[in-house]
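Student: Now for the letters of each chain:
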Amino acid sequence: MAGLPVVEIDKVSFGYDAARPVLQGVSLRVEPGSVVGIMGQSGCGKTTLLRLIAGWLKAGAGATRVLGESVGELDSEGLFALRRKMGMLFQFGALFTDMTVFDNVAFQMREHTDLPPELISDLVMMKLEAVGLRGAAQMMPAELSGGMARRVALARAVALDPRLMLYDEPFTGLDPISLGVIARLIRTLNDSLGQSSIVVSHDVEECFGIVDYVYFVSAGQIVAQGTPAELRGSAASFVQQFVRGEADGPIPFHYPAPGYQADLDGEETQSSSLATAQACHG
Amino acid sequence: MAERTVLARLRTVLAGLLQGFERLGHGASAKIWRLGYAARFFAYLLLHSGTAFRRFGLTIREIYFTGVLSMTIILVSGLFVGMVLGLQGYDTLQRYGSSEALGVLVALSLVRELGPVVAGLLFASRAGSAITAEIGLMKATEQIAAMEMMAVDPIARVVAPRFWAGVISMPLLAALFSAMGIFGGYLVGVQLIGVDEGAFWSQMQASVDWREDVMNGVVKSVVFGVAVTWIAVFEGYDAPPTAEGVSGATTRTVVFSSLAILALDFVLTALMFTGGNAK
Ligand SMILES: Nc1ncnc2c1ncn2[C@@H]1O[C@H](COP(=O)(O)OP(=O)(O)OP(=O)(O)O)[C@@H](O)[C@H]1O
Ligand SMILES: [Mg+2]
Numbered sequence: 000m001a002g003l004p005v006v007e008i009d010k011v012s013f014g015y016d017a018a019r020p021v022l023q024g025v026s027l028r029v030e031p032g033s034v035v036g037i038m039g040q041s042g043c044g045k046t047t048l049l050r051l052i053a054g055w056l057k058a059g060a061g062a063t064r065v066l067g068e069s070v071g072e073l074d075s076e077g078l079f080a081l082r083r084k085m086g087m088l089f090q091f092g093a094l095f096t097d098m099t100v101f102d103n104v105a106f107q108m109r110e111h112t113d114l115p116p117e118l119i120s121d122l123v124m125m126k127l128e129a130v131g132l133r134g135a136a137q138m139m140p141a142e143l144s145g146g147m148a149r150r151v152a153l154a155r156a157v158a159l160d161p162r163l164m165l166y167d168e169p170f171t172g173l174d175p176i177s178l179g180v181i182a183r184l185i186r187t188l189n190d191s192l193g194q195s196s197i198v199v200s201h202d203v204e205e206c207f208g209i210v211d212y213v214y215f216v217s218a219g220q221i222v223a224q225g226t227p228a229e230l231r232g233s234a235a236s237f238v239q240q241f242v243r244g245e246a247d248g249p250i251p252f253h254y255p256a257p258g259y260q261a262d263l264d265g266e267e268t269q270s271s272s273l274a275t276a277q278a279c280h281g
Numbered sequence: 000m001a002e003r004t005v006l007a008r009l010r011t012v013l014a015g016l017l018q019g020f021e022r023l024g025h026g027a028s029a030k031i032w033r034l035g036y037a038a039r040f041f042a043y044l045l046l047h048s049g050t051a052f053r054r055f056g057l058t059i060r061e062i063y064f065t066g067v068l069s070m071t072i073i074l075v076s077g078l079f080v081g082m083v084l085g086l087q088g089y090d091t092l093q094r095y096g097s098s099e100a101l102g103v104l105v106a107l108s109l110v111r112e113l114g115p116v117v118a119g120l121l122f123a124s125r126a127g128s129a130i131t132a133e134i135g136l137m138k139a140t141e142q143i144a145a146m147e148m149m150a151v152d153p154i155a156r157v158v159a160p161r162f163w164a165g166v167i168s169m170p171l172l173a174a175l176f177s178a179m180g181i182f183g184g185y186l187v188g189v190q191l192i193g194v195d196e197g198a199f200w201s202q203m204q205a206s207v208d209w210r211e212d213v214m215n216g217v218v219k220s221v222v223f224g225v226a227v228t229w230i231a232v233f234e235g236y237d238a239p240p241t242a243e244g245v246s247g248a249t250t251r252t253v254v255f256s257s258l259a260i261l262a263l264d265f266v267l268t269a270l271m272f273t274g275g276n277a278k
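Protein chains in written order, with numbering that gives the first Met the number 0: chain A, 0 to 281; chain B, 0 to 278.
With the rest of the complex left out, here is chain A:
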């Protein structure tokens, strides 16, 4: 197994509708045991990329191989078998609102294993302890703050010790303390369980702190890649722009739109110009 990449994406293109491609010719690899960061600004297609890896969406072109399987060619059974070896942390947590925190974390153990209840209970408490929420085991998701919910979701995602972890924005909405803890936890889990991980984030500092390798995505393409050290030293302007957080640079801050002046003056786009005006005041 060692040596073969866990995830191998080769020149993948994808668009939700034909008119507007989201990803164009993206290639990336995740080596076994490594933590790979995918960075890019909001709406550049990071979540879409994770969905392709999880077999949620099928790429229009290119090859997606995950854990030795060609994702695009699997039937639903094969996909389920593959997903049992994967864990995913959703951008918004996606906890089951009709179950307690405990039951949420226990969910996969109960669905996929025949472990006795006492053992499940022990395992769940271990996972919750790791994210610092053992005391919240009997709470309902509605009673948790956003950051707590994210941590529970993390505990749930790693419940069955998956071989590949996909983290969608694990850091947003966390206070600095939890943020540091979660970042280290992602790294520790990865190393102690022999996992491989993909971390999608736009938080440069936290991400650079834990990943081995980073891909920068912009306008649906990989525009830069390398180890954090290489990228910090990179002279490429978009990397500098992203690392320093500037609006001006090669990465456009605006979603593609017709000319601003045209929208403000235009008669046919009444509602959109109103919205723009409100946005300016807001």
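Treat the hints as calculated values from the structure; they're not laboratory data.
Only a predicted model underlies this, so the values are computations on that prediction, with no experimental measurement involved.
Heads up, some of the hints might be wrong.
What the hints assert, rightly or not - No farther apart than 20 Å at their CA atoms in a straight line, the calculated lysine to any residue pairs in the SDA-like style are these:
no., chain 1, residue 1, chain 2, residue 2
1, A, Lys84, A, Thr112
2, A, Lys57, A, Gly42
3, A, Lys57, A, Ala17
4, A, Lys84, B, Ala150
5, A, Lys10, A, Ser26
6, A, Lys57, A, Leu27
7, A, Lys10, A, Leu56
8, A, Lys84, A, Met108
9, A, Lys84, B, Phe255
10, A, Lys84, B, Pro153
11, A, Lys57, A, Gly77
12, B, Lys30, B, Phe255
13, A, Lys84, A, Glu68
14, A, Lys57, B, Asp152
15, A, Lys57, A, Ala223
16, A, Lys10, A, Gly61
17, A, Lys84, A, Gly71
18, A, Lys57, B, Ala144
19, A, Lys57, A, Gly71
20, A, Lys57, B, Glu141
21, A, Lys10, A, Ala223
22, A, Lys57, B, Lys30
23, A, Lys84, B, Val151
24, A, Lys84, B, Lys30
Dock chain B with the ligands against chain A, hints included.
Tutor: Chain B with the ligands alone, transformed into the frame defined by chain A:
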């Protein structure tokens, strides 16, 4: 000049007409496509119902939410409908001097028609809407997606237990409704108005047929249960994952399942009770 304006106007009217037709055709084909999707969904649901029975606890839990929590409204409505039947039935029957037949009238109306239909309508608005909203919100908050990501089939795990819980609850609720209604008719007819108690019950026992009346009522309520819960789970599962999407789906559940109950009731009544006479 004038000619040209007329021509231009004609052209816009024609274009509008064409567009209208196009939209009509598009709307119709979208509706038919959705119907086919609902049918496939139903077939898939039936094929993947194993979990709902193997782990019957899941279904029991949903029976609590759909059935047990609907009981209050069913019992109260049943009582009132029965009491009204008692009043109206007595008023009509005593004109023909046959007020002892009140028990028969109340029981037959309830068991054959009002029990399944009114309980079904109440069930659609109380439990059906709740099922749609719950599944729709689970979809909107990515819970369904998370479940698929954990290699658990949401149709088997979430949809099927709710479906079977509805199918099991509905006949029981209709029976409760009828029983409560008969009690309401008894209260008004015997206790309030003073119809002979012995005649009330004995005539009812003599005239209500187990197979013809009771079983047909049960069949109706099972069919309504299937229709309402199918519509409810499908609308929830197919709802656009937004607030408006879920609220629209909830409304559609109540409207469609009420219409389905009334239409199916006509069809079933025609099959069950006219067939008997023709024999
Ligand atoms: N279900 C969908 N249907 C159509 N377009 C979509 C859908 N989901 C996302 N998109 C579009 O695809 C693009 C990429 O979306 P994606 O969610 O992958 O961005 P992201 O990089 O994860 O952004 P963020 O950092 O804000 O989460 C966006 O332009 C978005 O408008
Ligand atoms: Mg995203």
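Student: A separate judgement is required for each hint: does it hold in the structure or not?
Tutor: Outcome of the hint check:
1. A/Lys84 x A/Thr112: 13 Å, holds
2. A/Lys57 x A/Gly42: 19 Å, holds
3. A/Lys57 x A/Ala17: Distance ~14 Å between A/Lys57 and A/Ala17 Cα, so the pair holds.
4. A/Lys84 x B/Ala150: Holds, at about 9 Å.
5. A/Lys10 x A/Ser26: Roughly 5 Å separates the two Cα atoms, so the pair holds.
6. A/Lys57 x A/Leu27: Answer holds: A/Lys57 to A/Leu27 is near 16 Å, not above 20 Å.
7. A/Lys10 x A/Leu56: Holds, because 15 Å separates the two Cα atoms, which is no more than 20 Å.
8. A/Lys84 x A/Met108: 13 Å, holds
9. A/Lys84 x B/Phe255: 41 Å, violated
10. A/Lys84 x B/Pro153: Given that 20 Å is the threshold and the Cα spacing comes to 18 Å, the pair holds.
11. A/Lys57 x A/Gly77: 14 Å, holds
12. B/Lys30 x B/Phe255: Holds: B/Lys30 and B/Phe255 sit about 13 Å apart, inside 20 Å.
13. A/Lys84 x A/Glu68: 12 Å, holds
14. A/Lys57 x B/Asp152: 19 Å, holds
15. A/Lys57 x A/Ala223: 24 Å, violated
16. A/Lys10 x A/Gly61: 5 Å, holds
17. A/Lys84 x A/Gly71: 17 Å, holds
18. A/Lys57 x B/Ala144: 15 Å, holds
19. A/Lys57 x A/Gly71: 6 Å, holds
20. A/Lys57 x B/Glu141: Distance of about 19 Å is within 20 Å: holds.
21. A/Lys10 x A/Ala223: 15 Å, holds
22. A/Lys57 x B/Lys30: Answer violated: A/Lys57 to B/Lys30 is near 26 Å, above 20 Å.
23. A/Lys84 x B/Val151: Roughly 13 Å separates the two Cα atoms, so the pair holds.
24. A/Lys84 x B/Lys30: 39 Å, violated
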